[in-house]
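Keeping their order, the protein sequence lines are chains D and U.
Every number in our numbering is 19 more than the matching position in the first sequence, counting from 1.
Every number in our numbering is 4 more than the matching position in the second sequence, counting from 1.
Derived from the structure by calculation, the hints contain no laboratory data.
You may find that some hints are simply not true.
Claimed, not checked - In silico DSSO-like cross-links for lysine-lysine, where the CA-CA straight-line distance does not exceed 30 Å: (1) U:Lys-154 - D:Lys-202; (2) U:Lys-154 - D:Lys-181; (3) U:Lys-351 - D:Lys-181; (4) U:Lys-351 - D:Lys-202; (5) U:Lys-62 - D:Lys-134; (6) D:Lys-181 - U:Lys-251; (7) U:Lys-196 - D:Lys-181; (8) D:Lys-181 - D:Lys-202; (9) U:Lys-156 - D:Lys-93.
Unchecked claim - Residues on chain U that point at chain D, a partial pick, calculated with CB under 8 Å: (10) Ala-19; (11) Tyr-35; (12) Lys-154.
Yeah, the Cβ is synthetic: ideal placement off N, Cα and C, and Gly gets one too.
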Amino acid sequence: MSLMGHFRFAATLLFGGMLAAVPTNWLHIALAGRTVHNSHYLAASFLYQLQTLLGTDASSPQVMQGRIIRRQGKELYIDLDQVPPERAAVLRQIAAQQQPAGEISLDEMGAYMAKRYYQLTRPYPTLQALLRDHPYRDNPNWLTVPVDSETFHRLRVLRINKDRIADALISYFDNNDRLIYPKGTVIAGRIL
Amino acid sequence: MRAESFDKKGVFIEAEVLRKRGDSFWDFSIYDRNGALIPVSVAFNDDGEVAPELPGFKAAQDCASCHRIDRLDLSGDPEAPARVPVRAFFHKLPARVPQIHLGPEYYDHMAFTELTESNAKQKDGVFGVYGSLLLSELAGRKRLASLTDKDKARYNLLRPYYPELLTPLDRIDSLTNSIGMRLVRIPPPARKITIGSHISDPQHQPDEQSHPLYLRQGFFMAMHKQTNAEFRKFRPGHHVAPYRGLKLDGDDQPAVNVSYGDAQAFVDWLNQLPAERAAGRTYRLPTEEEWEYAAQGGDGRRFPWGDQWPPPEGAGNFADEASGAQFKWEYLHGYRDPYLGTSPVGKFFPNPYFLYDMAGNAYEWTSSYYKPYPGAPKGSAAGTKPYGSQWRVLRGSSWADELPRSCAVRSGILSRLKRVCHS
């Protein structure tokens with residue numbers, strides 16, 4: 020028993036040493052309410068908003084590349100040295116909204132992005148403008164897919180331009196067997 | 005992602021749209037009833053009613069969680085569910101647009117996590133499924149000879165890349181007889197099959213309980229319903245009077261107003277044709293068990309088009325909204341097809357055996373007489389008619405049905421002498 024206790028003590032020390040080694044320029048991402056099954060979704064939501072904040076073009080810093088996101092154990096961090104200085108300042112500002120200031124939460128990020136999302140993503144300003152470029156209603160050139168989802172409690176018919184799917188199917192093999200839709204592809208539909 | 009939303013009265017509420025952006029992620033935008041951008045969507049309650057008290061979906065946060073989980077999963081949680089093996093994307097072409105059903109019970113469930121991840125590994129998030137669905141639709145419409153010019157161009161464009169999926173119809177195991185009827189081979193089942201409806205089927209009758217069936221031999225079955233033109237080769241005077249102004253007598257429409265005796269006489273005539281005798285072919289009406297097995301397409305599906313309810317677009321010719329408006333009778337809400345009466349045969353998606361119109365258009369006679377299934381409790385006859393060979397079993401459903409029947413239930417029992425415009 021005594022020997023086992025010593026090993027356990029030693030292991031705790033080692034783990035504690037790892038946590039202490041987090042650099043000061045790493046911003047901890049706090050995902051409140053995280054469980055085994057939902058951590059993927061919460062992390063995805065945060066990282067999507069972070070990517071949107073960093074830029075939405077192909078030339079923008081890529082969240083999943085360039086060591087922007089660091090991981091220790093279960094925890095995720097933003098390495099502020101890997102993002103442009105002005106964006107790092109914005110992230111510190113977001114993190115400072117609530118205590119602790121050295122931690123950026125999903126709620127903080129969501130509150131910040133809710134006010135700026137459309138400004139950053141530049142969608143069509145009106146539905147009429149969208150429809151002029153993407154006339155998805157009752158259009159045989161758009162694939163219709165009925166989706167029965169309890170999420171919305173109603174049957175939906177989703178629509179996507181067949182030519183955009185064909186583009187993705189043709190480039191499927193060049194994309195390492197992944198179906199990647201081209202930039203500008205729109206998915207729309209209606210609830211029945 | 006929810007797309008355009010309407011309230012229960014069909015009034016447009018808002019539109020939700022996704023657009024692919026340059027860094028390969030998707031943007032989400034929501035427009036209100038006036039077409040202006042709004043940050044949060046309208047919420048619905050469990051009854052599908054607009055529920056202002058419930059939280060809507062936030063464009064910036066909520067949509068990405070599911071749709072981009074594949075490329076955004078860095079949680080590294082060592083306790084996360086084990087990943088399932090990745091199945092080949094194009095392993096099997098679906099014969100019909102499959103049901104996509106994601107219930108709320110899945111969101112925190114391992115199976116849903118696994119499904120999303122395995123899907124996403126190969127495709128552009130959960131949207132990757134549209135690739136196989138487009139190929140499925142093009143292949144299906146090619147077989148129906150209903151490709152639009154633009155679809156034809158897409159088919160020709162994609163065929164060199166996916167030759168094994170865009171298979172020409174000629175590769176179906178079929179034969180064409182001397183009067184031009186095309187018959188497809190229905191293989192024997194690999195194992196014991198179950199015939200009859202489950203008690204949970206809304207159209208289940210007490211004497212139609214499911215039971216095992218050993219079907220040891222395959223058979224050929226007509227790809228299409230017999231047309232008026234084919235029937236007139238046997239009976240040149242065959243003529244179907246219009247029904248409330250609807251023409252039912254076209255050459256390519258199914259032969260209706262045909263009694264069981266008429267159908268059997270047609271079979272007898274076919275068996276006497278010299279060319280058929282020389283070819284060694286013998287014809288008969290299918291038993292209701294054979295019909296049911298064939299309708300299920302080899303995978304035990306509930307309906308010829310799949311398991312989905314209500315039926316998807318292109319599933320069959322039923323009493324649709326236009327039919328209800330025209331005739332003031334019950335109709336299938338939310339469903340539209342281009343025909344009020346019977347449609348020309350083969351205008352809807354076939355089942356996996358390439359049998360057309362197994363749901364809708366017109367009932368089909370079987371050789372089976374009206375009897376209870378094995379094990380049915382005594383006194384469980386569904387209707388007022390007594391069991392016996394004077395009644396024959398109909399299968400399938402018709403252009404005037406607002407509730408298409410599943411593969412496993414009887415459509416009706418009709419006197420062998422009776423003729424109706426549905427069968």
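Problem set entry | Hint consistency between Lys-154 (chain U) and Lys-181 (chain D) [alpha-carbon to alpha-carbon, up to 30 Å] | 10 Å, holds
For this session: Quickly compare the C-alpha distance for Lys-351 (chain U) and Lys-181 (chain D) to 30 Å and report which way the hint goes.
Result: Holds, at roughly 21 Å.
Exercise. Minimum Cβ distance from Ala-19 (chain U) to chain D below 8 Å?
Worked result: Holds, about 5 Å.
For this session: Below or equal to 30 Å on CA atoms is what counts here, so check Lys-181 (chain D) against Lys-202 (chain D).
Result: 14 Å, holds
Exercise. Would the pair Lys-181 (chain D) and Lys-251 (chain U) pass a check requiring their Cα atoms to be no farther apart than 30 Å?
Worked result: Given pair Lys-181 (chain D), Lys-251 (chain U) is violated - Cα atoms ~35 Å apart, limit 30 Å.
For this session: Sort out whether Lys-93 (chain D) lies within 30 Å of Lys-156 (chain U), counting only the CA atoms.
Result: Measuring from Cα to Cα gives roughly 51 Å; hence the hint is violated.
Exercise. Does the nearest C-beta of chain D fall within a distance shorter than 8 Å of the C-beta of Lys-154 (chain U)?
Worked result: This hint holds: Lys-154 (chain U) lies near chain D, its Cβ roughly 6 Å from the closest one there, short of 8 Å.
Problem set entry | Hint consistency between Lys-351 (chain U) and Lys-202 (chain D) [alpha-carbon to alpha-carbon, up to 30 Å] | Violated, because 35 Å separates the two Cα atoms, which is more than 30 Å.
For this session: For the hint on Tyr-35 (chain U), just tell me whether its beta-carbon gets within less than 8 Å of chain D.
Result: For Tyr-35 (chain U), the interface hint holds, since the closest Cβ of chain D sits about 4 Å away, which is under 8 Å.
Exercise. Regarding the pair Lys-154 (chain U) and Lys-202 (chain D), is the alpha-carbon distance no greater than 30 Å?
Worked result: Since the Cα atoms of Lys-154 (chain U) and Lys-202 (chain D) sit roughly 22 Å apart, the hinted pair holds (cutoff 30 Å).
Exercise. Is Lys-62 (chain U) close enough to Lys-134 (chain D), meaning Cα to Cα at most 30 Å?
Worked result: Given that 30 Å is the threshold and the Cα spacing comes to 11 Å, the pair holds.
Problem set entry | Holds or violated: Lys-196 (chain U) to Lys-181 (chain D), with C-alpha atoms at most 30 Å apart | Since the Cα atoms of Lys-196 (chain U) and Lys-181 (chain D) sit roughly 41 Å apart, the hinted pair is violated (cutoff 30 Å).
Hint violations for this structure: numbers 4, 6, 7, 9, all remaining hints satisfied.
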